[in-house]
Amino acid sequence: MKLIKFILVGFVFGIVLTKSEAVSWYRIYEMFQFQSFHMYGIIMVAIVTGVVGIQIIKKYQLKDSTGTPIHIADKEPSTIRYVVGGIIFGLGWALVGSCPGPIFILIGAGFSSVILVLLGAIAGTFLYGLLKNKLPH
Amino acid sequence: MELIYHTWSWYISGFIIGLVMLALIYFGKSFGMSSNLRTLCSMAGAGKRVSFFNWDWKSQRWNLAVVAGAILGGFVATHYLSETSNVSISTDTIGMLEMMHIDAPQGKLMPDALFSNQVFESPKGIFILLVGGLLIGFGSRYAGGCTSGHAISGLSNLQIPSLKAVIGFFIGGLIMVHFILPLIF
Chain Z
1 MKLIKFILVG FVFGIVLTKS EAVSWYRIYE MFQFQSFHMY GIIMVAIVTG VVGIQIIKKY
61 QLKDSTGTPI HIADKEPSTI RYVVGGIIFG LGWALVGSCP GPIFILIGAG FSSVILVLLG
121 AIAGTFLYGL LKNKLPH
Chain E
1 MELIYHTWSW YISGFIIGLV MLALIYFGKS FGMSSNLRTL CSMAGAGKRV SFFNWDWKSQ
61 RWNLAVVAGA ILGGFVATHY LSETSNVSIS TDTIGMLEMM HIDAPQGKLM PDALFSNQVF
121 ESPKGIFILL VGGLLIGFGS RYAGGCTSGH AISGLSNLQI PSLKAVIGFF IGGLIMVHFI
181 LPLIF
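Chain order of the listed sequences is Z and E.
At position 20 of the first sequence the residue is numbered 20 (our numbering), and the sequence of numbers has no breaks.
At position 44 of the second sequence the residue is numbered 44 (our numbering), and the sequence of numbers has no breaks.
For reference, chain Z alone in the conformation it holds in the complex (with noise of 0.2 Å):
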């Protein structure tokens, strides 16, 4: 039963991009042509939206729903991973352009070619637990 808030949280979602059309390969192609501000507007707003709730969560200093205060850890220093790690994925956005929230919300609208990509994104993610211990970070 805790887990139905996910699952509506999951299925607010997965409707908000696909009827944004971020889930669309053409919108990610449009983006990095530069010739729509579709995206750009959903991501900037999206920050925005974030940067103001997350402000309130630390000027008030709110708990959330279990009672516990709301701590948001900060990312780990470094650079390599961020930027290499980074061009990694973006190449493979814009190659098949979805991200892994839209893999599956894609794989939900019915487009079973999708398959593929998750099952390369699963052994993509095998591959770097694999090389973990021998990639810079």
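Read the hints as simulated data drawn from the structure, not as lab findings.
Per the computed footprint, the stretches of chain E lying under chain Z, defined by three or more beta-carbons under 8 Å from a beta-carbon of chain Z, are: (1) 34 to 42; (2) 89 to 102; (3) 109 to 116; (4) 125 to 133; (5) 166 to 180.
Since we're looking at a predicted model, the values are computed, not measured.
No residue lacks a Cβ here, since even glycine has one placed at the ideal position from N, Cα and C.
Here the structure of chain Z is known, so what remains is to put chain E in place on it, guided by the hints.
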């Protein structure tokens, strides 16, 4: 009702995505979709061979519930909340796609050239989708997050590492769209 069936505006959509992230923070969690890929590896038993997958993945069941909801949301949105006028990308973009022999949207979310079921009969098509996935999976774990974890969650919390990752996402995306896609198609 009209509004629901048309393409949702960027300001409404962006605002709701921001709320999704804040809702997960309120529930004591964080917004990040790529970690589910690690969980799936662990569920499949990868933890027996690789220590990175030997962790308490059951604590991530909530995130799999988000995935289940997202799959359902994708189904409902395409089958009950859509019409054929959607995905009106710019005419310039359609022209550039034509040069690469990639079909225009005409109401479709995804181009047939890459995602129709005929792709299963084309070794090149299968290869492209698998490699794309591989790069996404490897890159997001190496960078410690994807669009949701870094671009939305991280930047919302003003994290410099996330800014570096997002700059990386864009460098990779621009290289792919401007230099590699024209070579593939």
